[in-house]
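Chemist: Next come the chains, spelled out residue by residue.
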Amino acid sequence: MSRIPLDPRTAPSFQTAAKVSLQDAQLRKNVKHATEVIQAKRKKLVDEKKDWQELREAGRQIRAHSLAHLEIYLEEFERNFTRAGGVLHWARDAKEAQEIVVRLTKEIGADEVIKIKSMTTEEIQLNRALEAAGVKAYETDLAELIIQLGEDQPSHIVVPALHKNRAQIREIFMREMDLPDLGDTPQDLADAARTFLREKFLRVKTGVSGANFLIAETGGICIVESEGNGRMCLTMPETLIAVVGIEKVIPRFQDLEVMLQILARSATGERMNPYNSIWTGVHEGDGPKAMHVVLLDNARTDVLADGEGRQTLQCIRCAACLNACPVYRQTGGHAYGSVYAGPIGAILTPQMMGMEHAQSLPYASSLCGACYEVCPVKINIPEVLIHLRHKVVERSGWWAPEKVAMKAVAAVFRSEKRFRAAQRLGRMAEAPLVKKEKQVEGLVQLKGSETTTPGWIGWLPGLMGGWTDTRDLQAMPKETFRDWWEKR
Amino acid sequence: MKVALFITCYNDTLFPATGKAVVEVLERLGHTVEFPVGQTCCGQMHWNTGYQDEALPLLERFVTQFEHCEAVVIPSSSCVAMMRDHYVLMAEKIGDPQLMERVKTLLPRVWEFSEFLTKKLGLTDVGAYYPHRVTYHASCHGLRSLHLGDGPMLLLRSVKGIDLVEIANLDRCCGFGGTFAVKNADVSSAMLAEKTLAILDTGAETCAGADNSCLMHIQGALHRQRTGVATMHLAEILAGTEETHQCFVHPKAIDGTGVRV
Chain A
129 MSRIPLDPRT
139 APSFQTAAKV
149 SLQDAQLRKN
159 VKHATEVIQA
169 KRKKLVDEKK
179 DWQELREAGR
189 QIRAHSLAHL
199 EIYLEEFERN
209 FTRAGGVLHW
219 ARDAKEAQEI
229 VVRLTKEIGA
239 DEVIKIKSMT
249 TEEIQLNRAL
259 EAAGVKAYET
269 DLAELIIQLG
279 EDQPSHIVVP
289 ALHKNRAQIR
299 EIFMREMDLP
309 DLGDTPQDLA
319 DAARTFLREK
329 FLRVKTGVSG
339 ANFLIAETGG
349 ICIVESEGNG
359 RMCLTMPETL
369 IAVVGIEKVI
379 PRFQDLEVML
389 QILARSATGE
399 RMNPYNSIWT
409 GVHEGDGPKA
419 MHVVLLDNAR
429 TDVLADGEGR
439 QTLQCIRCAA
449 CLNACPVYRQ
459 TGGHAYGSVY
469 AGPIGAILTP
479 QMMGMEHAQS
489 LPYASSLCGA
499 CYEVCPVKIN
509 IPEVLIHLRH
519 KVVERSGWWA
529 PEKVAMKAVA
539 AVFRSEKRFR
549 AAQRLGRMAE
559 APLVKKEKQV
569 EGLVQLKGSE
579 TTTPGWIGWL
589 PGLMGGWTDT
599 RDLQAMPKET
609 FRDWWEKR
Chain B
74 MKVALFITCY
84 NDTLFPATGK
94 AVVEVLERLG
104 HTVEFPVGQT
114 CCGQMHWNTG
124 YQDEALPLLE
134 RFVTQFEHCE
144 AVVIPSSSCV
154 AMMRDHYVLM
164 AEKIGDPQLM
174 ERVKTLLPRV
184 WEFSEFLTKK
194 LGLTDVGAYY
204 PHRVTYHASC
214 HGLRSLHLGD
224 GPMLLLRSVK
234 GIDLVEIANL
244 DRCCGFGGTF
254 AVKNADVSSA
264 MLAEKTLAIL
274 DTGAETCAGA
284 DNSCLMHIQG
294 ALHRQRTGVA
304 TMHLAEILAG
314 TEETHQCFVH
324 PKAIDGTGVR
334 V
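Protein chains in written order, with our numbering: chain A, 129 to 616; chain B, 74 to 334.
So here's chain A without its partners, still in its complex pose (with noise of 0.2 Å):
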């Protein structure tokens, strides 16, 4: 079941990756009819909620501030999960969280666990640790199981396996899981999936989760999901570990009222989440017999001494960034290269996993602010999307073709008459490029009007080579307008 996981320090870039994904017909397809359904529910239960920009800014300054005073709330979640019976395990990077979790295994003997749905145990790559610890994982959240038992990759935060359709499921189950008789209704596929993960539900131990939020004030961890698996995980095992960002903490019980009404109807397009679990330390016959949080860093601490990258962090992972994305629409996940796919995912990954390995990243949009306009902590993606260009730009060497172009363009804008110099320039340098068209017969000649077009370019060299490959440029007209307003 050991499938290599999305690691932007392997993958290729996305335009490389881009040109995979678009040959991909069913799976355009699948991410296309996924996402525009999950955008359709979305819209009903925002629209019927008449202060849900007030929400939102709620949701911002909720998550703005534990940020702002995460220090302060991050020993306050220590303080009172601790006294609630919990063991709380602080991990610097991934490698540290994944050591924790295996040496947790180890030493209550457990040689399987079974998984919550969690991006943070994605990020840290924790099924191949444990597998290489000789510990099985299993993956309980539909998606997830899918994408474990076809040995295929999330590609997307929330609906993991949204790039396949039913009858590739089926498909899956009935190699994985042996039933040749398989229908594929949604029935049907959820009745294999019950029989199948039932079993491990009863047998295994331990769990594993990541969480939605830590509350400090109670030492609570909230765990939403909508397929009872979670809950299951929650419940069954006799010892659960959470592997959590330190980002998740928010100060008061209360601000779930904000987060759960933002979070469900951004995520699935629900009211609420149907299970919304809240666990607080260990009780005696109830839930697990031990519980650890495993408060992991991983670069965290970095992006929130980013003035302007930090409000990455306010995250909720809600992935309604990724279903309004016009280029995740196209792509889907994989090609992002990373476990965070889509915008939010061109933010998070290059900040968190450096930027050396994810360069292309902050180029794989084409800025038109629908993620800001969904998000509901109000994350202005397309800002940082551009600050980190800037970061991209400023680690690049000076004689990058690009950079001697851009920075040469900039030096025709700092004057008018440089500017014109480039504007009689550039119509020369294109006249070789340019097919002029033949004048339709028929057509009148029109008063005061150019009559045909200053023509058509077909083919571009170099960097611009890539619009010439689908569209047409249109040449310069022989006047610019300043040229006409003086003569006027």
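Hints are supplied without guarantee of correctness; some may be wrong.
Heads up, simulated DSS-like pairs for lysine-lysine below, C-alpha to C-alpha not over 27 Å straight-line [to be verified]:
no., chain 1, residue 1, chain 2, residue 2
1, B, 166, A, 506
2, A, 519, B, 256
3, A, 563, B, 256
Derived coverage of chain B by chain A (criterion: at least 3 residues anywhere in the stretch with Cβ under 8 Å from a Cβ of chain A; other residues may be distant) [as the list claims (entries may be wrong)]:
no., segment
4, 124-130
5, 248-257
6, 282-293
No lab work stands behind these hints: they were computed from the structure. Just so it is clear, the structure is predicted and the values come from calculations on it, not from any experiment. Yeah, the Cβ is synthetic: ideal placement off N, Cα and C, and Gly gets one too.
Since the structure of chain A is already known, use the hints to place chain B on it.
Modeler: Here is chain B on its own, set in the frame of chain A:
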């Protein structure tokens, strides 16, 4: 009113007809147009591509050229968005409090062409005539940054003779995104393919917009595919009247199998 025109670098070079049309509409409405000659570019391409150091002097240049003006009209929604969304942050980076003050004083007087008509002048009918089937492409910046809303549609709806058809998924990006169109040409083309299909589905002869950069992108595919559909800046549609409209049919429209007057 004395209105200063910031034509923008690419309109100046590639789409002078749009500038002429803006002048025509504003003068017809009784305003005086001035054109500060030192103007070049707002800095959008550099800023959005990550070349901040190169963009900063262009902010100072714009402010110096236009701060004396009563109103600045710009026929390009993304350039206006560039100013509103980033100029304050840019002034902060430059770290000159005086410049910051000048930016903050100037910005409220900067208008995108259609919003100058609808919001500043409170007009929707500017006496235009355009007897063709038209659809409108709402560029992302116009929609989500400037919140132009139905302003451009109201202007178009008031045009005499027009057959205005709404496009499906109006809020979806055409895939231009400045340097995105060449840096991620494949994805950009895939996005554009959906947009051109939506335009063709309307049966429109002309796709209008408030941003020639998106329209240049869309026109690039419409022309490559020999669809016969032309793109045209909103100003060029508004510039035509029953007496003069022939003069303001965009040259692109007479190309190939396009619009005939």
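Chemist: Each hint: holds or not?
Modeler: Results for each hint:
{"no.": "1", "hint": "B:166 to A:506", "result": "holds (23 Å)"}
{"no.": "2", "hint": "A:519 to B:256", "result": "holds (17 Å)"}
{"no.": "3", "hint": "A:563 to B:256", "result": "holds (25 Å)"}
{"no.": "4", "hint": "124-130", "result": "holds (count 5)"}
{"no.": "5", "hint": "248-257", "result": "holds (count 10)"}
{"no.": "6", "hint": "282-293", "result": "holds (count 4)"}
In this structure, none of the earlier numbered hints is contradicted; all agree with it.
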